[in-house]
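Line order of the protein sequences matches chains A and B. Using this note's numbering, you'd call the opening residue of the first sequence number 1 and step up by one each time. Using this note's numbering, you'd call the opening residue of the second sequence number 132 and step up by one each time.
Hints in this document: simulated from the structure, not taken from any laboratory. Please note that a few of the clues may not be correct.
To spell it out: a stretch of chain B is covered by chain A in this simulated footprint if at least three of its residues, at any positions, have a beta carbon under 8 Å from a beta carbon of chain A; those stretches are [stated by the list, open to error]: (1) 140 to 151; (2) 329 to 338; (3) 385 to 396.
Derived Cβ-Cβ restraints for the label pairs, each shown as a range [claimed, not checked]: (4) 315/B to 62/A: 21 to 31 Å; (5) 56/A to 339/B: 51 to 61 Å; (6) 313/B to 94/A: 34 to 44 Å.
Built from N, CA and C at the ideal position, the CB exists for glycine as well.
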Amino acid sequence: MPTDRPKHLVHILARQFASNLATPTLIVDAEGQLIFFNEAAEEILGRSFAEHGEMSIDEFSASVAPRLENDDPLPQSRRPTKIALEERRASHEDMTITAFDGEERKVGVTAFPLFAQQDEFVGIVVIWWRE
Amino acid sequence: MRVVIWGCRGSVATPGPETVRCGGNTSCVEVSLEDGSVFVLDAGTGIRELGAQLAARGTRRVHLLLTHLHLDHLEGLRFFAPLFDPDVEIDLWGPRSPVLALKERIRRSFSPPLFPIDLQDTPAKVTFYDVPSTPWRIGDAQLTASLVVHPGPTVGFRIDADGASVAYLPDHEPALAGRFEERTRDWISGGSIAEDVDLLLHDAQYFEEEYDERLGWGHSSVASAVAYAEAVGAKRLVLFHHDPTHSDETMQRLEAEARSLADDGEDPPTIAREGMVLDLTRR
């Protein structure tokens, strides 16, 4: 019988697209599961996707501790991933994260929703802009 | 489950002395089940002769599954005899589009200057359905559709019934979405429908050297089709969607190439031929 949770074609094509980009890119499915990030994102995170594996984007966000310029935690309501997932609109925020290698890095984060045939929401793409 | 190939040519019908063994009709496959239900996969020119047979058999209900609406998969519908029989019910399934409803998209080919009869004036009772994104049941069969790599909204189909399974991916270029040999099946285009299937009908339009010049056209090389079948664990591969320029002799070479590339197994890859009957026995 078919695989339990097959990836949507949009995810498969987005992964191929992201794999060919020098821009750090993450792909999150409609259920909020981080399903892929590319090699450019691995440089910022200090960990490969093969090591990291899939996890919920909430868990992922908590693990990199996003902070504002004044070092206050970035409120949940301002997280671009949360806005793109829940409100299904594009969002951007500058922040500092603590990568898995312990380094602090400043990044701009842009998240936007993906819609497939007949406005089927299939997830979000997250792009990180290095400062 | 009985699978009959009524058309396996790609792109355009190619009748003639050089294609008599493989056939020149475009894509159409019949899947009939023990409970008597009849599924028709695509409506290429092969559907004309199938329609005549269904009419002769007195078939009153047909489940027509369209992978996409490129003409070589649709052009035979206008000559499908059951469509002109008021006693026949046709459930027509196809991929969703963000632009127009399925019925409206098909209706274009039933309108001037392409055709004199409007779709709504055909006597059969036709009901149109967008394929669901999750498996669904028709009688004893479980059906699964999945969007696959091909230009425009295109799905592949899988039918599980009678203790057997068939997957139909006639127009498919999975290599465009990355090296599927290195990926888990959930990351392979159409992987959910072709996984561990008993019979896989898959696009193998080109030799490798032809494919290099047609990258992105939506079709596979024979090497890619063989690698795909192995990646998804298909038990038997039938090579489908033959290039219109390929004669029967050329197709023999293509089959030989597929066999040289495939793992030694019980069922080596075979080229599809019009009239081919594949009986899938209960596992």
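Cross-check of the supplied hints:
1. 140 to 151: Not satisfied, violated; 0 residues make the cut.
2. 329 to 338: Since 0 is below three, the answer is violated.
3. 385 to 396: Since three or more residues must qualify, the claim that chain A covers the region 385 to 396 of chain B is violated, with 0 doing so at under 8 Å.
4. 315/B to 62/A: 21 to 31 Å: Between residue 315/B and residue 62/A, where Cβ atoms are some 26 Å apart, the hint holds.
5. 56/A to 339/B: 51 to 61 Å: For residue 56/A and residue 339/B the Cβ distance comes to about 42 Å; the hint is violated.
6. 313/B to 94/A: 34 to 44 Å: Holds, at about 36 Å.
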